[in-house]
Amino acid sequence: MRSDRGQKSPLLLKVCAAGGLLFLHLPILLIFAYAFTTEEKSYQWPPPGLTLKWFAVAWNRADVWSALALSVQVACIATVIALVLGTLCAAAVSQTKFFGREAISLLVILPIALPGIVTGIALRSAFSLFDIPFSVWTIVLGHATFCVVVVYNNAVARFRRTSGSLIEASMDLGADGFQTFRHVILPNIGTALLAGGMLAFALSFDEVIVTTFTGGQQATLPIWMLEELIRPRQRPVTNVVAMLVVIVTFLPILAAYYLTRDGDQIAGSGK
Amino acid sequence: MTVLTVDTPGSSILPRRGGFAGALSDAFWRHPLLLLILMLTPPLLWLGIIYIGSLIALLLQSFFSIDDFSGVVNPEFTLATYAQLLNGTNLDIILRTVSMAALVTLASAVLAFPIAYYAARYAKGRWKAFFYLGVMLPLWSSYLVKVYAWKLILAKEGIVTWVFAKLHLGFVLEAILSLPVIGGNSLSVSYLGTFLVFVYIWLPYMILPTQAALERVPANLIEASADLGASPRQTFRTVLLPLALPGIVAGSIFTFSLTLGDYIIPQIIGSSRLFIGQAVYAQQGTAGNVPLAAAFSVVPIVIMGLYLAAAKRLGAFDAL
Numbered sequence: 001m002r003s004d005r006g007q008k009s010p011l012l013l014k015v016c017a018a019g020g021l022l023f024l025h026l027p028i029l030l031i032f033a034y035a036f037t038t039e040e041k042s043y044q045w046p047p048p049g050l051t052l053k054w055f056a057v058a059w060n061r062a063d064v065w066s067a068l069a070l071s072v073q074v075a076c077i078a079t080v081i082a083l084v085l086g087t088l089c090a091a092a093v094s095q096t097k098f099f100g101r102e103a104i105s106l107l108v109i110l111p112i113a114l115p116g117i118v119t120g121i122a123l124r125s126a127f128s129l130f131d132i133p134f135s136v137w138t139i140v141l142g143h144a145t146f147c148v149v150v151v152y153n154n155a156v157a158r159f160r161r162t163s164g165s166l167i168e169a170s171m172d173l174g175a176d177g178f179q180t181f182r183h184v185i186l187p188n189i190g191t192a193l194l195a196g197g198m199l200a201f202a203l204s205f206d207e208v209i210v211t212t213f214t215g216g217q218q219a220t221l222p223i224w225m226l227e228e229l230i231r232p233r234q235r236p237v238t239n240v241v242a243m244l245v246v247i248v249t250f251l252p253i254l255a256a257y258y259l260t261r262d263g264d265q266i267a268g269s270g271k
Numbered sequence: 001m002t003v004l005t006v007d008t009p010g011s012s013i014l015p016r017r018g019g020f021a022g023a024l025s026d027a028f029w030r031h032p033l034l035l036l037i038l039m040l041t042p043p044l045l046w047l048g049i050i051y052i053g054s055l056i057a058l059l060l061q062s063f064f065s066i067d068d069f070s071g072v073v074n075p076e077f078t079l080a081t082y083a084q085l086l087n088g089t090n091l092d093i094i095l096r097t098v099s100m101a102a103l104v105t106l107a108s109a110v111l112a113f114p115i116a117y118y119a120a121r122y123a124k125g126r127w128k129a130f131f132y133l134g135v136m137l138p139l140w141s142s143y144l145v146k147v148y149a150w151k152l153i154l155a156k157e158g159i160v161t162w163v164f165a166k167l168h169l170g171f172v173l174e175a176i177l178s179l180p181v182i183g184g185n186s187l188s189v190s191y192l193g194t195f196l197v198f199v200y201i202w203l204p205y206m207i208l209p210t211q212a213a214l215e216r217v218p219a220n221l222i223e224a225s226a227d228l229g230a231s232p233r234q235t236f237r238t239v240l241l242p243l244a245l246p247g248i249v250a251g252s253i254f255t256f257s258l259t260l261g262d263y264i265i266p267q268i269i270g271s272s273r274l275f276i277g278q279a280v281y282a283q284q285g286t287a288g289n290v291p292l293a294a295a296f297s298v299v300p301i302v303i304m305g306l307y308l309a310a311a312k313r314l315g316a317f318d319a320l
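If you read the sequences in order, they're chains W and B.
Following the UniProt record's numbering, the numbering of the first sequence begins with 1 at its first residue and continues without gaps.
Following the UniProt record's numbering, the numbering of the second sequence begins with 1 at its first residue and continues without gaps.
From the structure, some residues in chain B lie toward chain W, with a derived Cβ separation under 8 Å: (1) 22; (2) 118; (3) 137; (4) 155; (5) 158; (6) 204; (7) 258; (8) 280.
Derived lysine-lysine pairs resembling PhoX-like cross-links, with alpha carbons at most 25 Å apart: (9) B:166 <-> B:151; (10) B:156 <-> W:41; (11) W:14 <-> B:124; (12) B:151 <-> W:53; (13) B:166 <-> W:41.
Hint data in this document are derived by calculation from the structure and do not stem from the laboratory.
Every residue, glycine too, gets a C-beta built ideally from N, C-alpha and C.
Here chain W stands alone, though its shape is the one from the complex (with noise of 0.2 Å):
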């Protein structure tokens, strides 16, 4: 009898697996060696020289700055929003019963649920009939929409863990709703917020799709990388701003995972 049952996996599994998670991550990998090639006409492998020139020229280009900087701020006021949001909701469905919870629920996770651009295009028909001009506003507005369901479920998630015995027992102990909240509630799902408002944040950086249509004529970071493929301009800037753009979003992910990781899940099922 073998001893080892189960322990071990079969060879084609771990090949199989492991070709899986390379597949996931050379690409991106494969943007770090291009932001430091010298060939400016072509995406030519592999790269016929290396040079850190780019960085530099990337750092002069206002336009990069411009689009970083609308990027942080609809990223910034989306995410308050969201929060606020995405906590109400998730407090209300978590610890009362009442009538159309599930639907709740559905209309949450709806935005995400249907593909993009019929949001895009719902709120974009919106603005036009009530003849609302585009500003950081109308992208806010549908930025904001998409995330509340990230804090939503990691709200919703967290509040499940918390028993509600604690807040009865504040209760008993005499403090006042504001006060339970203040001590009680939220040092619990302090960091589920956090966590749920770093991935708003992330997803709100990202987002293009719905972006396109509540923009108008302002570029987000996302929007202008989309101009940059669809026209390229100076490929190399591009490559920079991309390896750039990873890293900045890998940070906010790694620490919203460090935030949640005993016990319940990021976000559930993905964005």
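Chain W is fixed; fit chain B onto it per the hints.
Relative to chain W, chain B alone:
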């Protein structure tokens, strides 16, 4: 002598609190419904008015038509726009998108399974975290950067051509590219390229729910199946796959829906033939035919509605 001091008889055991905040807190405690309504109003207003309102406005527009001469939207109820959807080119676009979505879903399921199975059954401790992050990081990293990376990879002068040339297999790539329909001038302007990028981008969405479903399969079920004489192939087909199916279906909701609505990937990597997303974009933008764009965007909504109903029957929502 009364020990308890109750300032208003019949309200509660504790005395009322002073101050506005205290009174408010008491009011919430006494009327939980009030608190519930207060909590739900802001998110429901936002999602209900901004989002659902916009969706309804969009649906209404799909029943309007456009005046062929002036190009002005004619706000009268008609089904003419939907009839337009069924003409040759438009029907082609719909069929092309749906078959691409189906193929992408199938390929993602096949690729995702070994990763999900390994992570669920064999990875422990640090390796589990490694696998989790290994799926999460590509999932969350910038969509456009990933598409861009594939433009670099699939370009004629890019790394794929280089690898094939180094292996002296250049003729294989030539042969693949010269295939009708899926081939093209280079991988970055072929259906094959579009397909590859779709699979790459949506794969993590398939891995996570599949893994979640596989985590719930007890290891001793597999052993029992083997003890009862099933070959690994039989165990896979009759034990593992049926138990993992809800997770795979849950993942397929994402891969299918996301492929249906995407218009950026086929625009950047692919032939010039349109997908639904591109048609919506073109109709509302350059063509200025918002009713037709609206009718086009109803197609993914209807397909996803049917798909979700089918998925629910297969128990996919318990696997999410």
